[in-house]
Amino acid sequence: MIISENKPMSEILGFLKNAEKVVLVGCNQCAATCKSGGTEEVLKMKEALESEGKTVLGYTILDPACNLLKSKKDLKALKTEIADADAVLSLACGDGTQTIVKNLKKKAVYPANNTMFIGETKRVGEFEEACKACGQCELGWTGGICPVTVCAKGLINGACGGAKNGKCEISQENDCAWVMIYERLKEIDQLDNLLEMRPMKDYSKQNNPRYLNIKQKQQQKASAKA
Amino acid sequence: MSLLRETLESGKFAVTTEMAPPKGTDLSHLVECAKPLVGRVHAANVTDFQSAVMRTTSLATCKILKDVGLEPVLQMTGRDRNRIAIQGEMLSAGVFGIKNMLALTGDHTVVGDHPQAKGVFDLDCIGILQTAETLMDGKDLVGNELKGSPEFYLGASVTPEYAPIEIQLMKMQKKINAGAKFFQTQAVYDIEHMREFRKLTRHMNCKVLAGIVPLKSPGMAKFMTANVPGIFVPDNQIERLRAVGKENWVSEGIKMAGEFIRQLREEDLCDGVHIMAIGAEENVPAILDEAGL
Ligand code: SF4
Ligand code: SF4
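For the protein sequence lines, the chains are P and E, in the order given. So in my numbering, spot 212 of the first sequence is number 212, and the numbers just go up one at a time. Offset between the second sequence (1-based) and my numbering: plus 226.
Chain P extracted, bound-state conformation (with noise of 0.2 Å):
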């Protein structure tokens, strides 16, 4: 999941500084789970922005946001009031928002969130930052426990010696993720893979902007065997 939150009120103001009238879009998967973007807080954005003076000419949460063709049809319900305001404001993530700035060409988009990690809900209202996308997925051999995210440092031969009682060095809030490690793979009898040479990480993978697209790697594939 995409972890978000709302931005400070101040920030959001400031965007809609010149706009009186204004559309609201939330999102019903991730940012309705964090409880930054799913109706109850959109229609607390609309009451704080009502209070401000500005008028909110509709709202909409959309299922998900980051479907391009999706989104496109559901936010043509509120046509003619995106048509009539001088802003929308997205209390989606990032990636919501900017699915809506392709759909609404002419219109000036804000975002309400400050999309953070990609994580999973610990318990409700409280998550935690789990896979940094990093490209090449290391949970294979590690346990099922991520060196590239929860390791401060992202490393993938084992433990550094800074770790003090379990305990991160960067901070005694944060479980070390290779004492983590180790305990997980000697659990499963596979305290070995900590002995492996792990070849040099090829960040490349990482690099910016991917692209994916499964049809044409298919027939790259389906070609490249023919």
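If you are wondering where the hints come from, they were derived from the structure by calculation, not from laboratory data. The structure presented is a predicted model; accordingly, all values stated were derived computationally and were not measured. Some clues are possibly wrong.
[Unchecked claim] Simulated pairs of lysine to aspartate or glutamate, EDC-like, Cα-Cα distance not exceeding 20 Å: (1) P:132 with P:95; (2) P:132 with E:348; (3) E:344 with P:202; (4) P:205 with E:348; (5) E:365 with P:202; (6) E:407 with P:196.
We have chain P; now place chain E with the ligands onto it with these hints.
Same frame as chain P, but now just chain E with the ligands:
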């Protein structure tokens, strides 16, 4: 061949010390500290932006020490350089005839004086060792031929008081497989821990230099035990220091370090020592005197 390598490989007890480059361009104090050590230590290890604090580089300082007549050990961390910069730095060390290198992952940027900096960590210490081996073979990491290659005696670090110790032992073995010939340990104070560590590592194909950090005050000892990973000062040593009174702390710390080195030698618990005076490099000769070295 480097003097450090010659010393360790011939089975002699090696002594290395640590020098921190200054924050600034004035290296005169460092050079003053280095001069009396020529002929007394086998090498001086120059820290690489230690604790992630910005300073003059290890490479430049190594060159200055070499000119004074002290054999340098270049430290190379993965925090600040990607694999292009690391290789370039290693070649530059080769240009200066620097023949020892210690590979470290490096402390995280957030613990240093520029916490806003982007940590690099393109290669970890294993990758740095592998890179050095590759360059020594006359090739770069992507297989290009080099016009002349460096020659290094490679080292790495280990923390004997890490828990669980298996993590460090496995990584130590990996570092050996990647090219490390000698290890410098985190500061140790408890002889029992060194006995245990020797037992656990005796079969490994490497030399071990025990890390010695002379205590300067009971407060420092307590602080390190509480905050520095892998450092543990036994209570009776803190007590001994406290008992001599404030004006004698430093001299007592020097004495304790000297005694500890003697004991390590007598019991053959390491192949040498690495003395880290941390800002009091001028005390190193006194420690060596106490240790009878
Ligand atoms: S190794 Fe970690 S960052 Fe890379 S893809 Fe796997 S989980 Fe994500
Ligand atoms: S203490 Fe553990 S998690 Fe933190 S940087 Fe070192 S190896 Fe990574």
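(message) Given the hinted pair residue 132 of chain P and residue 348 of chain E, is their Cα-Cα distance within 20 Å?
(response) holds (15 Å)
(request) With a cut-off of 20 Å on the C-alpha distance, tell me whether residue 365 of chain E and residue 202 of chain P pass. (result) With Cα atoms ~19 Å apart, residue 365 of chain E and residue 202 of chain P stay inside 20 Å; holds.
(message) Against the 20 Å threshold, does the CA-CA distance of residue 344 of chain E and residue 202 of chain P hold or violate the hint?
(response) holds (19 Å)
(request) Mind checking the alpha carbons of residue 205 of chain P and residue 348 of chain E for me, to see if they're no more than 20 Å apart? (result) holds (13 Å)
(message) Hinted pair, alpha-carbon criterion (20 Å max): residue 132 of chain P, residue 95 of chain P. Please report holds or violated.
(response) Holds, at about 15 Å.
(message) Would the hint linking residue 407 of chain E and residue 196 of chain P be met if the CA-CA limit is 20 Å?
(response) holds (19 Å)
Of the numbered hints given earlier, the model fails none.
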